[in-house]
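S.K.: Protein chains in written order, with this note's numbering: chain A, 1 to 294; chain B, 1 to 288; chain C, 1 to 408; chain D, 1 to 252.
To be clear, the hints were calculated from the coordinates, so they are not data collected in a lab. Keep in mind the model is a prediction, meaning the values are calculated, not measured. All C-beta atoms in this analysis are idealised placements derived from N, C-alpha and C, irrespective of residue type, glycine included. Treat the hints with care, as some may be off.
Said to hold, decoys possible - Going by beta-carbon spacing under 7 Å, a handful of chain D positions derived as facing chain A: (1) Ala75; (2) Asn104; (3) Glu108.
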Amino acid sequence: MSAYLIAITILTLIYVLLALGLTLQFGLTGLINFGHVGFFAIGAYTSALLTLNGWPVGVGIVAAAVAAMLPALPIGYISLRLRDDYFAIVTLAFSEVVRIVVTNAREWTSGTQGLPGIARLYASLNGAASEWAVLGTILAVTLLAIWMITRIARSPFGRLIQAIRDNEVAVKALGKDPAWFKIQVLAVGAALAGIAGAFYAHYITYIVPDQFVPLVTFYAWMAITLGGASRISGAVVGSAILMVLLEGSRFVHDFLPMISDSAMASVRIGVVGLLLILCIVWRPQGLTGKRGDA
Amino acid sequence: MSNFPQLIANGLVQGLFIAMAALAITLAFSIARFPNAATGDVMTAGAYTGLATQSATGSLILAGIVAIFTGAAISLAADRLVFRKLAGRAVVASLVASIGVAFVIRAVLGVTFGLSQLVYDIPLTRAKLYWGVRLTPLDLQVAGAVALALALVFGILHLTPIGRQMRAVADDRDLARVSGVRPERVMLALWMISGGVAGLAGMMLGIKTVVEPELGWSMLLPAFTAAILGGIGSPGGAVAAGLLLGVVQEMSTPFVGFNYKLAIAFAALLGVLLWRPSGLFGKREGVR
Amino acid sequence: MTTTSRRQFLQGAAAGAAVLSLPQLTFAQSAGVFRIGALNPITGSGSTFGTGMLKAIQAAADVVNAAGGAAGIKFEVISEDTQTSPQAGVLAAKKLLDVNKVQAVFGTWSSGVSLAVVPLTNDANVILMNTSGAPALSVPPANAKGLSFRFQATNDRFGRAFAEVCVKEGFKRPATMAFNNASGIGNADGFKKAWEGKGGKVVAGVVYEPNQTSYRSELQKVLDANPDVIVTGSYLQDTTIIMREWYQSGIPVKWILPGWAGSPDLVKAVTAPVVEGVISVDSVSNSGAESYKLYDAAYQKAMGKPGSSNVYAAMTWDMVITLALAIQSAGKTDTDSIKAHIRAVANPPGEEVFSYEAGLAALKAGKKINYQGASSALDFDEYGDVTPDFGVSFIEGGAINQKYVVKI
Amino acid sequence: MSLDIANITKNFGGMRVLDGVSLSVPTGSLFGLIGPNGAGKSTLFAAISGFQKQETGEVRLDGTRIDALTPHARARAGLVRTFQVPREFGHLTVRENLCAAAPNQTGESLLGLFFRPARVAREEAEIAAEAEEIMQRLRLTQVADQPARLLSGGQKKLLELGRALMLKPRFILLDEPFAGVNPVLIAEIAERIRDLNATGIGFLIIEHDLEALTRLTPYIAVLDRGRIIAEGAPDAVLADVQVREAYLGGAV
């Protein structure tokens with residue numbers, strides 16, 4: 001039983017890393033980033049390609065974070081000129097461009113053939129020990145990320161990004177340029193997504209552009225919407241609920257055998273959608289939030 | 001050598017579908033003030049109910065009417081049950097909720113109609129050459145139907161009292177309220193028109209391609225792109241930008257190949273937005 | 001996604017087995033049972049085939065169990081959905097291996113899922129039998145332990161078959177159109193390699209993106225090169241649109257489609273006159289064999305459709321029979337013994353057998369056997385790949401008629 | 001030494017909103033700007049503070065041209081504005097609103113935050129002390145830890161003023177500080193402004209409430225249809241015929 005639970009936990013933690021970036025970007029700063037999977041993909045491909053060319057996994061993960069941060073700079077500049085909802089669509093388009101590029105830059109990424117045989121973390125350990133070691137590492141990284149974002153949220157920097165979220169014009173009137181703060185926030189979230197991507201690549205060991213569709217972004221959004229966007233615990237709780245929903249449907253059949261196999265995919269997506277609507281309408285602050293949270 | 005007139009024609013035909021979807025999005029936006037991600041799945045619903053009607057009665061006209069009513073009904077229901085409750089909240093609340101609505105619609109369609117592809121039973125006819133450009137009668141029929149739908153929508157917007165009220169509310173809700181417009185009624189009418197356009201667009205798309213659960217969802221991003229490119233909230237802009245996107249995508253293929261089509265559309269979007277942040281035909285907005 | 005933990009109790013052999021299936025969660029290891037993990041694409045883009053593949057596994061397991069099992073051991077089938085996604089596939093495989101303790105995994109369909117799952121089965125030292133086409137599955141790291149068996153022709157073999165058909169039909173100027181995914185490009189590239197190896201030239205090639213409303217510009221580019229045949233690596237949905245648009249263009253050209261695209265569903269979708277004369281190349285070519293008839297009957301019973309509508313179900317059927325014969329031959333159920341005996345029961349030399357019962361009898365009589373599958377003659381090479389024969393069918397008056405068989 | 005505005009023009013869609021406005025506001029003065037609705041007062045503020053780009057004209061602060069600077073750069077140069085409709089940071093407390101306004105914080109850089117924690121802590125203590133002092137001066141201590149969105153209209157005005165003070169500005173542009181504020185609080189706000197002015201901060205104040213404004217500012221200017229039509233001591237200006245016409249349509 002344990003290896004399956006470990007696998008679920010690892011993927012949950014990867015979603016937590018993605019969701020934490022959105023908590024910082026949207027929950028605290030108010031940036032609607034609908035292209036999160038683009039940074040995730042850049043991280044996954046960077047680390048996969050480096051390690052497949054002989055670099056150690058550690059280097060790959062750090063490079064993944066750095067590579068994912070790079071597009072945050074131009075995107076941050078664009079964000080200054082666009083309305084919230086336009087920015088959402090532009091970032092969504094960005095993630096699609098990333099997917100189209102990795103699909104078609106065949107000589108680098110082998111395109112739709114994907115990259116198999118990506119090195120696993122702790123491959124030298126035997127099965128169970130290596131799973132636990134991977135889990136421990138991702139858990140440590142996630143905790144570090146949580147600590148870092150908590151620290152940011154409670155700092156003068158965090159105060160200012162929340163001020164930007166509440167009223168950007170007033171921030172300018174107080175002599176501070178929101179641009180640089182937004183860029184930094186995008187970069188930090190992108191780096192977390194890049195690291196998540198690297199862990200994902202090294203865990204699944206095979207990546208292909210089809211894994212980096214906008215649905216991944218929406219799942220991360222669902223996680224913070226369900227859990228509560230302006231609280232860090234929201235990202236954790238929301239990701240856990242999301243994974244229970246997605247994986248739990250495997251067990252539904254034992255209890256509801258009348259649902260046909262092919263209807264199950266529809267039921268799964270319907271339940272996710274319904275929960276999302278109910279949560280937004282009835283509990284806008286998410287499960288962890290208090291009434292009046294942003 | 002590439003046959004550019006043919007590419008333009010192909011682009012226009014594809015652009016018609018983008019234009020219809022973008023029109024539905026932009027209409028909803030002009031009053032509800034958020035990009036409705038459920039539009040794609042409303043289209044899919046129109047495609048399925050139209051198909052069911054056609055195979056039951058054999059009439060495409062009837063199918064079109066059913067598709068329009070399906071779209072209108074779903075939109076109204078979504079507004080009543082979800083979007084209205086979110087009025088006054090941040091844009092992102094409605095946007096994320098609309099993704100939820102999209103998923104629920106798709107789930108219902110999947111359970112009802114299954115996941116395998118279905119097709120409209122339309123006899124195929126050969127293409128004809130018009131000034132060296134090959135077009136099929138189906139293309140022309142679809143174009144005609146789209147043009148008719150657009151004419152109808154613009155007629156409603158510009159020639160009827162409710163249409164004038166819609167434009168008034170879209171321009172300035174408070175001002176409209178003061179001048180005696182009842183936004184409730186206008187909202188209802190608008191959701192119906194937006195949904196009807198989406199339902200019909202879905203059916204047209206279903207006739208042209210095949211009907212499957214992700215039919216409308218995969219149309220969503222190009223449609224959003226066109227709606228923003230045209231200046232969101234501007235119906236004429238959405239249609240023009242949809243056609244433009246279709247043509248630009250096809251015209252780019254001799255230079256960048258077929259695989260970067262969508263990327264070209266996004267590059268166009270980005271370029272336009274950096275140049276004109278409110279889109280080609282949008283009203284400029286400033287900080288007051 | 002679907003856990004069908006079914007323990008099947010067989011009651012009586014004489015009056016036919018009464019099979020009772022109880023949905024229940026049984027994780028305990030029980031002696032005398034071999035647990036097969038059916039890991040099929042029930043949902044997602046492989047959903048057209050997934051359920052049929054699963055039903056074929058269950059039906060074949062019923063056959064084995066009704067015959068008294070393999071070496072006296074009964075098969076239990078536990079199914080999971082890959083959702084045709086590598087991530088969901090990995091979780092499903094972890095659950096099968098870890099929660100259900102399955103001893104073999106059958107039926108991963110898309111190359112992406114197989115490539116993601118094979119490291120897990122290798123780690124667990126469990127056999128993986130797949131129906132994927134990617135060449136990478138043949139060699140290390142994917143198949144480092146030789147535990148992966150492929151029941152489908154590789155993309156390269158498909159390409160070679162297409163090239164043979166071109167030679168046979170006298171085509172001189174082929175062009176290719178490929179869906180932008182591993183299998184689509186694999187088939188087109190495999191064809192190009194094989195055709196150029198024969199000294200031919202591919203006059204044009206296009207890789208197209210999925211989910212378009214029209215493929216007219218792509219089609220136009222290929223037709224501009226004036227080909228006499230277009231070879232595709234495509235799927236049903238895009239082929240439907242392409243065939244319509246081609247027909248409307250009125251430009252004469254021949255088509256060679258892979259079997260999963262050139263299917264009865266395509267004829268239904270575009271109507272018979274449109275696809276008249278289109279060639280469909282399919283790896284199920286053992287349709288004359290008795291094993292195919294058994295499969296066909298079982299599939300018909302389980303799904304209400306002819307077996308020819310799902311080539312992969314024939315493969316998953318064969319997986320169960322092959323495994324059962326290997327276990328019978330080995331007399332043990334540990335992975336290494338099974339692996340060692342798979343080629344012994346499936347490859348020549350030996351008495352050709354077509355059913356589990358016949359194979360069982362021959363093995364019990366101490367004979368060497370060579371199982372002839374429903375999907376192909378089923379002879380595994382050093383990489384665990386089969387080289388099926390390819391059935392070449394012509395669509396005539398709406399019917400898909402197999403005209404001849406190509407051997408490569 | 002002063003805030004000098006020379007010949008500013010601004011058009012909106014063919015409409016000339018500001019038509020060659022010039023003003024000279026000496027350092028440390030209390031300067032009132034009045035005018036009927038639509039006269040262009042808020043537009044003038046926006047042009048001075050950099051939120052709207054003027055077509056022509058110059059803005060100088062103590063002789064240095066600042067009209068090419070971004071809004072935030074002008075604020076840092078010592079020219080801070082408030083808004084007609086309060087723009088509080090609604091989910092932050094009053095105290096946090098003030099602290100957020102403090103300039104040059106090490107803790108507002110991620111590097112500083114993680115690598116110079118001691119310095120950040122020291123600065124935070126200083127900023128907190130300043131905020132405390134301002135809250136006391138503005139009588140906001142009671143609501144210090146309330147989310148700003150829950151404040152009354154008048155308290156929000158005071159909060160905006162307090163935030164501006166955190167920047168230690170030379171000039172504050174106040175946009176209708178008395179709008180929507182109850183009379184008791186108006187007197188109090190006026191009192192606070194006078195106190196602050198006594199410490200050397202210059203004020204340019206737009207206000208609708210003529211009575212309250214003239215009681216506060218010894219010098220006023222009148223803007224009408226984009227032009228300054230009069231300036232001087234309140235009594236003299238209000239007696240001006242043009243001004244009476246502008247305000248009351250000449251029916252006096």
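S.K.: Hint numbers the structure violates, sorted upward?
M.R.: 2
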